[in-house]
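Peer 1: Listed below, chain by chain, are the residues.
Protein chains: 4
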Amino acid sequence: MGAVFTVTRNLRFADCDPAGIAFYPRLLEHVNNVVEDWFAGPLDCSFHELHFVRERGVPTVEIQVKFLRPGALGDAIDWRLTVKTLSRASMTLSIIGAHENGKDMLRAEPTLVHSNFTLDPPRAESFPDDLREKIAAFRAAPSASP
Amino acid sequence: MGAVFTVTRNLRFADCDPAGIAFYPRLLEHVNNVVEDWFAGPLDCSFHELHFVRERGVPTVEIQVKFLRPGALGDAIDWRLTVKTLSRASMTLSIIGAHENGKDMLRAEPTLVHSNFTLDPPRAESFPDDLREKIAAFRAAPSASP
Amino acid sequence: MGAVFTVTRNLRFADCDPAGIAFYPRLLEHVNNVVEDWFAGPLDCSFHELHFVRERGVPTVEIQVKFLRPGALGDAIDWRLTVKTLSRASMTLSIIGAHENGKDMLRAEPTLVHSNFTLDPPRAESFPDDLREKIAAFRAAPSASP
Amino acid sequence: MGAVFTVTRNLRFADCDPAGIAFYPRLLEHVNNVVEDWFAGPLDCSFHELHFVRERGVPTVEIQVKFLRPGALGDAIDWRLTVKTLSRASMTLSIIGAHENGKDMLRAEPTLVHSNFTLDPPRAESFPDDLREKIAAFRAAPSASP
Numbered sequence: 001m002g003a004v005f006t007v008t009r010n011l012r013f014a015d016c017d018p019a020g021i022a023f024y025p026r027l028l029e030h031v032n033n034v035v036e037d038w039f040a041g042p043l044d045c046s047f048h049e050l051h052f053v054r055e056r057g058v059p060t061v062e063i064q065v066k067f068l069r070p071g072a073l074g075d076a077i078d079w080r081l082t083v084k085t086l087s088r089a090s091m092t093l094s095i096i097g098a099h100e101n102g103k104d105m106l107r108a109e110p111t112l113v114h115s116n117f118t119l120d121p122p123r124a125e126s127f128p129d130d131l132r133e134k135i136a137a138f139r140a141a142p143s144a145s146p
Numbered sequence: 147m148g149a150v151f152t153v154t155r156n157l158r159f160a161d162c163d164p165a166g167i168a169f170y171p172r173l174l175e176h177v178n179n180v181v182e183d184w185f186a187g188p189l190d191c192s193f194h195e196l197h198f199v200r201e202r203g204v205p206t207v208e209i210q211v212k213f214l215r216p217g218a219l220g221d222a223i224d225w226r227l228t229v230k231t232l233s234r235a236s237m238t239l240s241i242i243g244a245h246e247n248g249k250d251m252l253r254a255e256p257t258l259v260h261s262n263f264t265l266d267p268p269r270a271e272s273f274p275d276d277l278r279e280k281i282a283a284f285r286a287a288p289s290a291s292p
Numbered sequence: 293m294g295a296v297f298t299v300t301r302n303l304r305f306a307d308c309d310p311a312g313i314a315f316y317p318r319l320l321e322h323v324n325n326v327v328e329d330w331f332a333g334p335l336d337c338s339f340h341e342l343h344f345v346r347e348r349g350v351p352t353v354e355i356q357v358k359f360l361r362p363g364a365l366g367d368a369i370d371w372r373l374t375v376k377t378l379s380r381a382s383m384t385l386s387i388i389g390a391h392e393n394g395k396d397m398l399r400a401e402p403t404l405v406h407s408n409f410t411l412d413p414p415r416a417e418s419f420p421d422d423l424r425e426k427i428a429a430f431r432a433a434p435s436a437s438p
Numbered sequence: 439m440g441a442v443f444t445v446t447r448n449l450r451f452a453d454c455d456p457a458g459i460a461f462y463p464r465l466l467e468h469v470n471n472v473v474e475d476w477f478a479g480p481l482d483c484s485f486h487e488l489h490f491v492r493e494r495g496v497p498t499v500e501i502q503v504k505f506l507r508p509g510a511l512g513d514a515i516d517w518r519l520t521v522k523t524l525s526r527a528s529m530t531l532s533i534i535g536a537h538e539n540g541k542d543m544l545r546a547e548p549t550l551v552h553s554n555f556t557l558d559p560p561r562a563e564s565f566p567d568d569l570r571e572k573i574a575a576f577r578a579a580p581s582a583s584p
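Chains as they are written, first to last, in my numbering: chain A, 1 to 146; chain B, 147 to 292; chain C, 293 to 438; chain D, 439 to 584.
In short, the hints are calculated from the structure, not lab data.
There could be a bad hint or two in this list.
[Unchecked claim] Derived pair list, reagent style EDC-like, types lysine to aspartate or glutamate, alpha-carbon separation capped at 20 Å:
#1 Lys212(B) / Glu62(A)
#2 Lys358(C) / Glu547(D)
#3 Lys66(A) / Glu208(B)
#4 Lys541(D) / Glu354(C)
#5 Lys66(A) / Asp104(A)
#6 Lys212(B) / Glu201(B)
#7 Lys395(C) / Glu547(D)
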């Protein structure tokens, strides 16, 4: 069984729209923030270090999201991140945001590509060993064959 | 053949991140803006009218996005919207943003549900006839069976 | 001496611009978040309660901001909020965001007006007693005459 | 009499908050967009050129804003930009956003400093002659003494 990264964050006034619920592009900012917190925390490589020291990045090249229930101003959302697939230079994450009653607000599956930003244009590049090892610990269920 | 809604918009400073390219949640704001322009234009029902006069809304319940090429500060993006599927109370759109050289920056397929916001919680409700007829004109290719 | 409300928050990827520093409209979102946290915390009236239960709001009618030093991706910012002036239906706050080394990143003075949103258009309305009393505790230095 | 830069933009769903009106940090994004359009238009130096070709920037170091009337979803706002003061490396702008009925929504006075981003930290630097000349044309009224 893999590790699960969790963090809780409130939906804010700045996240909500005239319908009184969280605006979906802002919910995807929350998704991105969860990834950022995971890097700064257990992966031990803050986005500051990743972008400005290592000159790498992890742009999202694909995402699928189901918005199952609305999120309202002030709601505390429990986020859970696991790694669905990990390959040479990319990974697909499972990021679920749930209400306090345990019901899912959204389920997102972003695919991120580790990229070398010293090249123009940036190019995919294998995860370095330190990151790969820490990322692998969050695989939901190790696949039989890579 | 269905109609295609098109609009061109530049990527702005506010859209771009420290990697110098458009931040993906902000690109999804652009996607939402295209829907908003389509409603205010050919559908003849601005979001102001939809939300505050009709007290309805079209929350996005699902979205799939492929980010094929990065967008940079100042890039003019040509957006094309068509309707992929239209059912009683929901529709799946195809929204493609392309660079001036014709190469796609992103392809998004959001599913929107027409919802009655006078109910608590809001509930899906059939599109009214005036909207349905105008939406149907943008179907990429009428399906053989609904 | 009045109370000081403090909270620490990191600058995020979503806050930063192509120059690699926090984008000033996003810094003002942080300023607004500090106010939101102050209401939900010591004022014991979350924005959810304020807007959806009490049907009131505190729109910002004026703001002056000095951006003294840039904020960079990942910087932990220490925020301090005090009340500069408090009158019948409005208050001017002092909100200072400082770097970990103690040097100020920005100093903002927003003026907020307590407004009744059940009226159209919304109208200024005296702070209710419970809020006024809690707000008054944060006055930097009680003025001799109101 | 100086030139006036004008542009009209709608307030969008993404700009509006649960109170149904434009969120003030988003209005300041509009203010920044007006500056961006002025640079790309009459100043003939897009933010892309300024940041990535010239490696300069114009960070806002101070701003004063009066929010005189709320802006609502869909409102068309007429923006007017003039230059209030222009000195060696900085300028204070007057940016007014008005409703279609001519009544002002907001008045902002941001001060921008032309900065050299090839230095770490970036440092103020005189406006180059081409920019200075074009900026000067927008001075509201030349002051008697600098």
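Peer 1: Is the straight-line distance between the alpha-carbon of Lys358(C) and that of Glu547(D) 20 Å or less?
Peer 2: Satisfied, since the Cα-Cα distance of roughly 12 Å is no more than 20 Å.
Peer 1: Would you mind confirming whether the straight-line C-alpha gap from Lys66(A) to Glu208(B) stays at or under 20 Å?
Peer 2: Since the Cα atoms of Lys66(A) and Glu208(B) sit roughly 4 Å apart, the hinted pair holds (cutoff 20 Å).
Peer 1: Between Lys395(C) and Glu547(D), does the CA-CA distance stay at or below 20 Å?
Peer 2: Status violated; Cα separation ~25 Å.
Peer 1: Is the hinted pair Lys212(B) and Glu62(A) satisfied, with a Cα-Cα distance of at most 20 Å?
Peer 2: With Cα atoms ~4 Å apart, Lys212(B) and Glu62(A) stay inside 20 Å; holds.
Peer 1: Taken at face value, is the distance from the CA of Glu201(B) to the CA of Lys212(B) at most 20 Å?
Peer 2: violated, 32 Å
Peer 1: Is Lys66(A) within 20 Å of Asp104(A), Cα to Cα?
Peer 2: Holds, at about 10 Å.
Peer 1: What's the verdict on Lys541(D) and Glu354(C), does the C-alpha distance respect the 20 Å limit or exceed it?
Peer 2: Holds: Lys541(D) and Glu354(C) sit about 17 Å apart, inside 20 Å.
In this structure, the hints that do not hold are numbers 6, 7, in rising order.
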